[in-house]
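Undergrad: Work out the full structure, taking the sequences as your base and the hints as a guide.
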Amino acid sequence: MERKLVDAKNTFCPGPLMELIGQMKMAEVGDELEVLSTDKGSANDIPEWIHKVGHELLDSFEEDGVWHLVVKKIK
Amino acid sequence: MPSEKISVMVTSNKREQLQMAAMVASVGAVSGNDVTVFLSMNSLKYFVKGNAEQASPEGPVGSLIVEKNAPDFMELFQQAVEYGDAKIFPCSMAVDILEIGQDDLEEFVSEPLGLTTFLSDASDGQVWHF
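Order-wise, the sequence lines are chains A and B. Numbering-wise, the first sequence is residues 1 to 75 according to this note's numbering. Numbering-wise, the second sequence is residues 76 to 205 according to this note's numbering.
In case anyone wonders, no lab produced these hints; they're calculated from the structure. Don't be surprised by glycine CBs; every beta carbon is placed ideally from N, CA and C. Check before you lean on any hint, since a few could be wrong.
[Claimed, not checked] Dumping the calculated DSSO-like pairs for lysine-lysine here, alpha-carbon to alpha-carbon at most 27 Å:
#	chain 1	residue 1	chain 2	residue 2
1	A	Lys25	A	Lys4
2	B	Lys162	A	Lys75
3	B	Lys162	A	Lys73
4	B	Lys120	A	Lys40
5	B	Lys162	A	Lys25
6	B	Lys89	B	Lys120
7	B	Lys80	A	Lys73
8	B	Lys80	A	Lys25
9	B	Lys124	B	Lys89
10	B	Lys80	A	Lys52
11	A	Lys9	B	Lys120
12	B	Lys89	A	Lys75
13	A	Lys52	B	Lys162
[To be verified] Pairwise CB distance ranges, derived in the manner of DEER restraints:
#	chain 1	residue 1	chain 2	residue 2	range
14	A	Glu63	B	Gln201	22 to 28 Å
15	A	Lys40	B	Gly125	40 to 46 Å
16	B	Ser138	A	Lys4	32 to 38 Å
[Said to hold, decoys possible] Footprint (simulated), chain B over chain A, 3 or more residues, beta carbon under 8 Å:
#	region
17	3–12
18	27–37
19	56–64
TA: Right, dumping it as structure tokens:
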């Protein structure tokens, strides 16, 4: 299983979301992407977006001030 | 997925306002909504290629947006179109008065639209103004 890292540290809302979407466009259904964000707002907002458009949030955690969000492309 | 119509009218020449408009347009569009942006008055000149950097900060947040490398408003408008199929129209009156040709505008900006069409299109959705 491919897991692509989307490094969106040191930018602000909605930068991390847009970087994720850019990568999602190029990913295949079933691929997993892990977004790294230092923006707490984005860490709250990205799961909302994932839920709204129908992808799957596999994991989310914070480590040393960096939020990690793991999402699976469903469609 | 529930989809709504979101119409955004942009008339300001200030970076804080342009940034908020771009955020609403891009996040709205990538969340599956039908987004239409209407550019008029003093906002339009920044959508002429190469002019975006001239937008004045307006207040302290506008300055910090530039300083801290927040996503640029022009990039967000472009992503609204590319990722979310938003439509961005220049106001036909503003285009005429400023004598702006279609080739002068950023590539993601559509052909000019009249206010009557924008208002008619906006009548059954959310309307935002910046």
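Undergrad: Work down the list of hints and note, for each, if the structure agrees.
TA: Hints, verified against the model:
no.	hint	result
1	A:Lys25 x A:Lys4	holds, 13 Å
2	B:Lys162 x A:Lys75	holds, 24 Å
3	B:Lys162 x A:Lys73	holds, 26 Å
4	B:Lys120 x A:Lys40	violated, 34 Å
5	B:Lys162 x A:Lys25	holds, 19 Å
6	B:Lys89 x B:Lys120	holds, 12 Å
7	B:Lys80 x A:Lys73	holds, 25 Å
8	B:Lys80 x A:Lys25	holds, 23 Å
9	B:Lys124 x B:Lys89	holds, 17 Å
10	B:Lys80 x A:Lys52	holds, 16 Å
11	A:Lys9 x B:Lys120	violated, 32 Å
12	B:Lys89 x A:Lys75	violated, 39 Å
13	A:Lys52 x B:Lys162	holds, 21 Å
14	A:Glu63 x B:Gln201: 22 to 28 Å	violated, 37 Å
15	A:Lys40 x B:Gly125: 40 to 46 Å	violated, 35 Å
16	B:Ser138 x A:Lys4: 32 to 38 Å	holds, 35 Å
17	3–12	holds (count 3)
18	27–37	violated (count 0)
19	56–64	violated (count 0)
The structure fails hints 4, 11, 12, 14, 15, 18 and 19 (numbered hints given earlier, in ascending order).
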